Amino acid sequence: MTVLARIVGGAVTPACEAGVFARGEGIGAAVRFEGIVRRMEGEREIVALDYQTYDPMAERRLKELAGEIAARHGLRGIAAIHGRGRVAVGEVSFVLWVAAAHRAEALAAVEEFIDRLKRDVPIWKIPVWK
Amino acid sequence: MTVLARIVGGAVTPACEAGVFARGEGIGAAVRFEGIVRRMEGEREIVALDYQTYDPMAERRLKELAGEIAARHGLRGIAAIHGRGRVAVGEVSFVLWVAAAHRAEALAAVEEFIDRLKRDVPIWKIPVWK
Amino acid sequence: MTIDVLIFGPAASAAGSDRLRVRFADGESPSAGEVLAALAREHPDVGFALGGARLAVNQAFAAAETRIVAGDEVALIALVGGG
Amino acid sequence: MTIDVLIFGPAASAAGSDRLRVRFADGESPSAGEVLAALAREHPDVGFALGGARLAVNQAFAAAETRIVAGDEVALIALVGGG
Numbered sequence: 000m001t002v003l004a005r006i007v008g009g010a011v012t013p014a015c016e017a018g019v020f021a022r023g024e025g026i027g028a029a030v031r032f033e034g035i036v037r038r039m040e041g042e043r044e045i046v047a048l049d050y051q052t053y054d055p056m057a058e059r060r061l062k063e064l065a066g067e068i069a070a071r072h073g074l075r076g077i078a079a080i081h082g083r084g085r086v087a088v089g090e091v092s093f094v095l096w097v098a099a100a101h102r103a104e105a106l107a108a109v110e111e112f113i114d115r116l117k118r119d120v121p122i123w124k125i126p127v128w129k
Numbered sequence: 000m001t002v003l004a005r006i007v008g009g010a011v012t013p014a015c016e017a018g019v020f021a022r023g024e025g026i027g028a029a030v031r032f033e034g035i036v037r038r039m040e041g042e043r044e045i046v047a048l049d050y051q052t053y054d055p056m057a058e059r060r061l062k063e064l065a066g067e068i069a070a071r072h073g074l075r076g077i078a079a080i081h082g083r084g085r086v087a088v089g090e091v092s093f094v095l096w097v098a099a100a101h102r103a104e105a106l107a108a109v110e111e112f113i114d115r116l117k118r119d120v121p122i123w124k125i126p127v128w129k
Numbered sequence: 000m001t002i003d004v005l006i007f008g009p010a011a012s013a014a015g016s017d018r019l020r021v022r023f024a025d026g027e028s029p030s031a032g033e034v035l036a037a038l039a040r041e042h043p044d045v046g047f048a049l050g051g052a053r054l055a056v057n058q059a060f061a062a063a064e065t066r067i068v069a070g071d072e073v074a075l076i077a078l079v080g081g082g
Numbered sequence: 000m001t002i003d004v005l006i007f008g009p010a011a012s013a014a015g016s017d018r019l020r021v022r023f024a025d026g027e028s029p030s031a032g033e034v035l036a037a038l039a040r041e042h043p044d045v046g047f048a049l050g051g052a053r054l055a056v057n058q059a060f061a062a063a064e065t066r067i068v069a070g071d072e073v074a075l076i077a078l079v080g081g082g
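Residue numbers (numbering that gives the first Met the number 0), protein chains in the order written: chain A, 0 to 129; chain B, 0 to 129; chain C, 0 to 82; chain D, 0 to 82.
Looking at chain A on its own, in the form it has when it is part of the complex (with noise of 0.2 angstroms):
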């Protein structure tokens, strides 16, 4: 089973992922979520994000939780990838990529994975405005 976290300067790249997301025979559902910096942030226009993190710790948070999660649902396989620093309008901040038996423990682990980061892992975002 692998468990992967890790922090990454600036937007979330496809050359992040790289590798990541191995296969294994027991695996029928893989989900990956992809969080996207939108323009409007509430009524005003932004550029980017700057996402602000506390390290080593987020990282060290972020794996953690991943861990958790994996174990709580039983997970074939988990990565998380954040990134750090500005991240523009239609980049991608955030990866998360679950493997399981089934679809139901996917989308269960996606959805407490999110919930999660947003309370526990210390990662800020500061809007740069327009």
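Do not take every clue at face value.
Claimed, not checked - Simulated pairs of lysine to aspartate or glutamate, EDC-like, Cα-Cα distance not exceeding 16 angstroms:
1) A/129 <-> B/24
2) B/129 <-> B/24
3) B/62 <-> B/24
4) B/129 <-> A/24
5) A/117 <-> A/63
6) B/117 <-> B/63
Claimed, not checked - Pulled a few chain A residues facing chain D out of the computed Cβ check, cut under 8 angstroms:
7) 15
8) 51
9) 55
10) 81
11) 85
12) 93
13) 116
14) 120
15) 121
16) 122
17) 124
18) 125
19) 127
Simulated from the structure, these hints should not be mistaken for laboratory data. What you are looking at is a predicted structure, and each value in this text was computed from that prediction instead of being measured. The beta carbon of each residue, even a glycine, is placed where N, CA and C say it ideally should be.
Here the structure of chain A is known, so what remains is to put chains B, C and D in place on it, guided by the hints.
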């Protein structure tokens, strides 16, 4: 807003997805769900699943379902690709891609789409025992 | 009137065929519900597939009261399992 | 004893700084809960960030009763928003 549904011969390969998943400025969350054929069907080992489709109703129902789910959840895009015929163990039988402003509606849409797929779309799977 | 009902998946495997024939009196135009009932009566080998089953008439789900006429394409949609 | 509490995100923007100092009597070893209370008392400009806030001590979440000693790295974890 893009609504796409398609049934392809054999497994769903990366080539089937080329150009399918559009980007757009209002998209804050994109989810890609992948169904993969597992080796064990209950207690017995299989080498593949044969997916039988009732054509052209299957593709039309798939498309209608995508449109309904997109409307109900206010999606920014949805694409469903399903395999037909033999899909070997480890290969991808189904891909669903959903884009929305926020993750809540994206995840709810994935969940509901698959529930409905398993009730309302005339596709059958027949195990090919080892 | 005879109606050939297309069958698929586990029902087709059990019947060893891709269609089942049901018979009605000449001149009768049975409803989709009556066709399902006739399938249950005349083809007990596919009875396992009929719980929750629906008929498609001309490639669209049909309400139980939909009348079937000669030339319609009739299919049993049961035990689907996409994904 | 003075403690410099690292702050981030909206709290840092509001304070115009990346840390806030809180003071305790010499020889005192305050708990994490007491540091949070001192932040609220001495730095009302970041009060908006303190609901539900937690302290990290040496890069790990600390229980309210955890004692802080000289040399500890103390950080306010509030209003996080990853994803």
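Hint by hint, here is what the structure shows:
1. Distance hint between residue 129 of chain A and residue 24 of chain B is fulfilled; the C-alpha atoms sit about 15 angstroms from each other, no more than 16 angstroms.
2. At roughly 48 angstroms between alpha-carbon atoms, residue 129 of chain B and residue 24 of chain B are farther apart than 16 angstroms, so this suggested pair is violated.
3. For the suggested pair residue 62 of chain B and residue 24 of chain B, the alpha carbons sit about 24 angstroms apart, so the restraint of at most 16 angstroms is broken.
4. At roughly 15 angstroms between alpha-carbon atoms, residue 129 of chain B and residue 24 of chain A fall within 16 angstroms of each other, so this suggested pair holds.
5. The straight-line distance between the Cα atoms of residue 117 of chain A and residue 63 of chain A is roughly 14 angstroms, inside the 16 angstroms bound, and the hint therefore holds.
6. With a C-alpha separation of about 14 angstroms, the suggested pair residue 117 of chain B and residue 63 of chain B falls inside the 16 angstroms cut-off, and the hint holds.
7. Taken as an interface hint, residue 15 of chain A does not check out: its beta carbon lies about 16 angstroms from the nearest beta carbon of chain D, beyond 8 angstroms.
8. At about 5 angstroms, the closest approach between the beta carbon of residue 51 of chain A and any beta carbon in chain D falls short of 8 angstroms, and the interface hint on this residue holds.
9. The interface hint given for residue 55 of chain A holds, since its Cβ lies 7 angstroms from the closest Cβ of chain D, which is under the 8 angstroms cut-off.
10. Taking 8 angstroms as the C-beta cut-off, the interface hint given for residue 81 of chain A holds, the closest approach to chain D being about 6 angstroms.
11. Checking residue 85 of chain A against chain D by beta carbon gives a least distance of about 15 angstroms; that is not within 8 angstroms, so the hint is violated.
12. Contact between residue 93 of chain A and chain D, as hinted, is supported at the beta carbon level, the nearest pair being about 5 angstroms apart and thus within 8 angstroms.
13. For the restraint placing residue 116 of chain A at the interface with chain D, the shortest Cβ-Cβ distance is roughly 5 angstroms, inside the 8 angstroms limit, so the hint holds.
14. Interface restraint check for residue 120 of chain A: the shortest CB-CB distance to chain D comes to about 5 angstroms, inside 8 angstroms, so the restraint holds.
15. Look at residue 121 of chain A: its Cβ gets to within about 5 angstroms of chain D, closer than 8 angstroms, so that hint holds up.
16. Among the interface hints, the one on residue 122 of chain A holds; its C-beta lies about 4 angstroms from the nearest C-beta in chain D, closer than the 8 angstroms criterion.
17. A hinted interface residue such as residue 124 of chain A counts as satisfied when its beta carbon comes closer than 8 angstroms to some beta carbon of chain D; here the least separation is about 5 angstroms, so the hint holds.
18. Using the Cβ-Cβ criterion of 8 angstroms, the hint placing residue 125 of chain A at the interface with chain D is satisfied: the shortest such distance is roughly 6 angstroms.
19. Here the hint on residue 127 of chain A is broken, as its CB sits about 12 angstroms from the closest CB of chain D, past 8 angstroms.
Comparing the model with each numbered hint stated earlier shows that hints 2, 3, 7, 11, 19 do not hold.
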